[in-house]
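The residues making up each chain are set out below.
Protein chains: 2
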Amino acid sequence: MLIPLLSQNSRGQTGLVPVDYLQVCLSTCLSYLSVPGFEDDDGDDDDGEWDDDWDEGSMEGHAPGATGDGEGGMGEVGPVWLYPQSPLDCEVTDPKKGSKMYGLKSYIEYQVIPTSTQRPVNHRYKHFDWLYERLLEKFGSAIAIPGLPDKQVTGRFEEQFIRGRMERLQGWMRRMCRHPVVCQSHVFTLFLTYQDQKEWKLGKRRAERDVAVGQMIFSLMDPEAPEMDSVEVDQKYEQYSRFTKAMDDGVKELLGVGQTHWKRCTGPLPKEYQRIGEAFINLSTVFSSSGYQGESTLTDALTSAGTIYQEVAEIVAEQPKRDLHFLLETNREYKGLLGCFPETLAVHKAAIEKVKDGDKMVAAGRISTQEKTTMKQRLSCMSYSLQAEMNHFHSNRIYDYNRVMQLYLEGQVKFYEEVPL
Amino acid sequence: MLIPLLSQNSRGQTGLVPVDYLQVCLSTCLSYLSVPGFEDDDGDDDDGEWDDDWDEGSMEGHAPGATGDGEGGMGEVGPVWLYPQSPLDCEVTDPKKGSKMYGLKSYIEYQVIPTSTQRPVNHRYKHFDWLYERLLEKFGSAIAIPGLPDKQVTGRFEEQFIRGRMERLQGWMRRMCRHPVVCQSHVFTLFLTYQDQKEWKLGKRRAERDVAVGQMIFSLMDPEAPEMDSVEVDQKYEQYSRFTKAMDDGVKELLGVGQTHWKRCTGPLPKEYQRIGEAFINLSTVFSSSGYQGESTLTDALTSAGTIYQEVAEIVAEQPKRDLHFLLETNREYKGLLGCFPETLAVHKAAIEKVKDGDKMVAAGRISTQEKTTMKQRLSCMSYSLQAEMNHFHSNRIYDYNRVMQLYLEGQVKFYEEVPL
Chain A
1 MLIPLLSQNS RGQTGLVPVD YLQVCLSTCL SYLSVPGFED DDGDDDDGEW
51 DDDWDEGSME GHAPGATGDG EGGMGEVGPV WLYPQSPLDC EVTDPKKGSK
101 MYGLKSYIEY QVIPTSTQRP VNHRYKHFDW LYERLLEKFG SAIAIPGLPD
151 KQVTGRFEEQ FIRGRMERLQ GWMRRMCRHP VVCQSHVFTL FLTYQDQKEW
201 KLGKRRAERD VAVGQMIFSL MDPEAPEMDS VEVDQKYEQY SRFTKAMDDG
251 VKELLGVGQT HWKRCTGPLP KEYQRIGEAF INLSTVFSSS GYQGESTLTD
301 ALTSAGTIYQ EVAEIVAEQP KRDLHFLLET NREYKGLLGC FPETLAVHKA
351 AIEKVKDGDK MVAAGRISTQ EKTTMKQRLS CMSYSLQAEM NHFHSNRIYD
401 YNRVMQLYLE GQVKFYEEVP L
Chain B
1 MLIPLLSQNS RGQTGLVPVD YLQVCLSTCL SYLSVPGFED DDGDDDDGEW
51 DDDWDEGSME GHAPGATGDG EGGMGEVGPV WLYPQSPLDC EVTDPKKGSK
101 MYGLKSYIEY QVIPTSTQRP VNHRYKHFDW LYERLLEKFG SAIAIPGLPD
151 KQVTGRFEEQ FIRGRMERLQ GWMRRMCRHP VVCQSHVFTL FLTYQDQKEW
201 KLGKRRAERD VAVGQMIFSL MDPEAPEMDS VEVDQKYEQY SRFTKAMDDG
251 VKELLGVGQT HWKRCTGPLP KEYQRIGEAF INLSTVFSSS GYQGESTLTD
301 ALTSAGTIYQ EVAEIVAEQP KRDLHFLLET NREYKGLLGC FPETLAVHKA
351 AIEKVKDGDK MVAAGRISTQ EKTTMKQRLS CMSYSLQAEM NHFHSNRIYD
401 YNRVMQLYLE GQVKFYEEVP L
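Chains A and B supply the protein sequences, listed in that same order. Quick note: the first sequence uses full-length UniProt numbering, first residue 1, plus one each step. Quick note: the second sequence uses full-length UniProt numbering, first residue 1, plus one each step.
Take these hints with a grain of salt, some might be off.
One copy or two, it doesn't matter: identical chains are merged, so the pair holds either way.
No more than 20 Å apart at the CA atoms, straight line, and that leaves these computed lysine to any residue pairs for SDA-like [unchecked claim]:
id: 1; residue 1: Lys271; residue 2: Gln259
id: 2; residue 1: Lys236; residue 2: Met375
id: 3; residue 1: Lys252; residue 2: Thr299
id: 4; residue 1: Lys151; residue 2: Arg205
id: 5; residue 1: Lys271; residue 2: Leu104
id: 6; residue 1: Lys252; residue 2: Lys271
id: 7; residue 1: Lys414; residue 2: Ala301
id: 8; residue 1: Lys252; residue 2: Asp323
id: 9; residue 1: Lys414; residue 2: Ile315
id: 10; residue 1: Lys97; residue 2: Lys236
id: 11; residue 1: Lys96; residue 2: Val347
id: 12; residue 1: Lys236; residue 2: Ser288
I should point out that these hints are in silico values taken from the structure, not numbers from a laboratory. On a predicted model such as this, the values are computed, not experimentally measured, just so you know.
Okay, chain A solo, but in the shape it has when bound:
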């Protein structure tokens, strides 16, 4: 069967940005071909439905609460992955402590509820980690598969840690759901929709035996487009290299100052407001003991100023959780995503170099002319794939940063309005 993963979107719209926010005109058509031995068991393939209408698709933004401003003009973004018509999303929720081996071993189990079935499945952190390993192995050469939130040895059962981990697991899952190739893969579908332990165990074993991994992924793609000019391949590579490096630097800079700011706003700054408040209240108490008449207006003012400063301290300390948190989490996610590109780009670079050496290798009799032609075709396909992945990255980036900047600025405005002075 055909599993369309890369595709021309005929209306030139990507699924993750508001429809009036970005209009693109596609020049290339990619499709994704099944090959023998790859995900050969599709008997219970829920995703089969995508096959039929992959090239009709106008993808309405599935991102929640997206708001877009109109942007004039039609642009070309080039190759894009085929986006499913019904976007997938999921919730990670309801962490529960479980135990095995007669209570000797404890763990936290989360409910994962995909929008496709609305049926919760249970997973432990180690299952997410297993999924991550499978996705990385299978798609890592072509697609940015960001790491999971860190493992932690101590304090794993503290509520704050569990909440934070759950939030990040949800962020990771939702990002994977948003990826049109990942979300339609068998292993991801298995993780989200397995019916029982038997299906889960069988599916796991099959996924672990999958041989269509690593650079094999490119064999499964057919851009159905003219072979790309080598100059263009080079240019695209350079452009994406520069961009991802520059954005990585920018994101790390923002994370750096954001984390410093977080610490100041939750630590020393509110402590100072608290101490100013205490100092006012203390002076008020001292003044009340003066034995001098007629200073209740002053002592009342000092007490209420002191109380207000203690409230300000609380508001200041809580504020970062209301706005800076999301700015930092989004940038942490992007730091993770951007960390994937050097690897992807290195695979690409190696292929470019190999093709450049192609003539010499043919002359030296190390490869045949046919092999050289196949190498060039493969590189062209890789470049289309890289462009589709970058376009996916860009449309997500624009949506995510628009949303988080709006959240952050709204939070900041509220903060300055809410301070009870």
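Put chain B on the given structure of chain A with help from the hints.
Positioned in the frame of chain A, the structure of chain B alone reads:
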């Protein structure tokens, strides 16, 4: 001649608090008697006018911009100094660099303009210091004479230092002007109103020869009131001891956290906002280089958010100069004033102990019964004086803290309103 310095104010109002803010009912009358050898040259005494009407006085608040809330009820504050009907004030302004010894020695000269004459006189820091020494020597046992702003060896000619010193000299001078005993003294009048160098030099020499200094000041006071009960003397002493110590602690606490807050608000905090702004602008630049269409809304938003954060940085860094500065300066002044009380109270305590030993000393033939009676009278007078000084302190304190808290809170409200978010 009689120079009234301590007095019953018949309307029960002190000069430094708004008239409807505080009403006091006085129980005691003190007056200030001239004695042979003390300030004997009163030929050009501008302050002589106070003599006649010292006990008529309804003192309207001479403090600038005072606003008060009504406080119900009449209270008793006890002895008060006699306040002049026209309050004195002065401006310290227009610092100019002068030089002596053919330019070998440079100094800064300030114009001091008293409200009484409106005629500027010039003074260097060392003249203020000379005046401080005279006032301390003469009145230090009875009146809080706070120190001048610190001497500084390096950077004396830097504009910021000169401005700061001038502001504090003005604060010191205005506080001295507000003290009814100090402001009517010959040496203070000389400093503010000397006509020429000859008068200044003669006046200086006379002041330096003044013998009515130290505890002699109490010989010049006549409370014209019944001798105070020794239990009451003890109680007052204890009350003032406790209060000034507690307020000193409170003021130091506020100064401590205020200075920390000042450093944070002028240093690391705006630097962080600046860096957040830069990070936004930088991300905007990176995003603009994506080659992806339709993200100008995002990049514009990032750039303007970045610009706003750089403005916020400036506002945050400037804000302490607009509000916290005055809170800190007022508390610094009070720290200086409060630092005078341990000395004054020690003089008082010693007198209390001496009177307590009176009977034994009479029995041992070391003093006569007459001397013991005089000692008791003197102690009573000292206690009246201490009460008058404390009442002066309290009325100033209430006025100053009302004003500075209002300024500070208004400044803070403006800050939260002005942030351009």
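To see whether the hints hold, each was checked on the structure:
1. Taking identical chains as interchangeable, the C-alpha atoms of Lys271 and Gln259 lie at most 20 Å apart whether they share a chain (18 Å) or sit on different chains (14 Å).
2. Proximity of Lys236 and Met375 under a CA criterion of 20 Å is satisfied intra-copy only: 18 Å inside one chain copy versus 101 Å between copies.
3. In this assembly of identical chains, Lys252 and Thr299 lie within 20 Å of each other by CA distance solely across copies; the values are 18 Å between and 48 Å within a copy.
4. For the homomeric pair Lys151 and Arg205, neither the shortest alpha-carbon distance inside one copy (24 Å) nor that between copies (83 Å) is at most 20 Å.
5. Taking the shortest Cα distances, Lys271 and Leu104 never come within 20 Å of each other, neither inside one copy (42 Å) nor across copies (51 Å).
6. With identical chains, the CA atoms of Lys252 and Lys271 are at most 20 Å apart between copies only, with a shortest distance of 17 Å across copies and 28 Å within one.
7. Taking CA atoms no more than 20 Å apart as the test, Lys414 paired with Ala301 passes between copies only; the shortest distance there is 18 Å, against 26 Å inside one copy.
8. When the C-alpha separation of Lys252 and Asp323 is checked against a cutoff of 20 Å, the pair qualifies only within one copy, where the shortest distance is 18 Å, while the shortest distance between copies is 36 Å.
9. In this homomeric assembly, Lys414 and Ile315 come within 20 Å of each other (Cα to Cα) both inside a single copy, at 11 Å, and across copies, at 18 Å.
10. In this homomeric assembly, Lys97 and Lys236 never come within 20 Å of each other (Cα to Cα): the closest approach is 48 Å inside a single copy and 67 Å across copies.
11. Taking identical chains as interchangeable, the C-alpha atoms of Lys96 and Val347 are never at most 20 Å apart, the minima being 41 Å within one chain and 73 Å between chains.
12. Proximity of Lys236 to Ser288 under the C-alpha cut-off of 20 Å is restricted to the inter-copy arrangement: shortest distance 16 Å between copies versus 74 Å within a copy.
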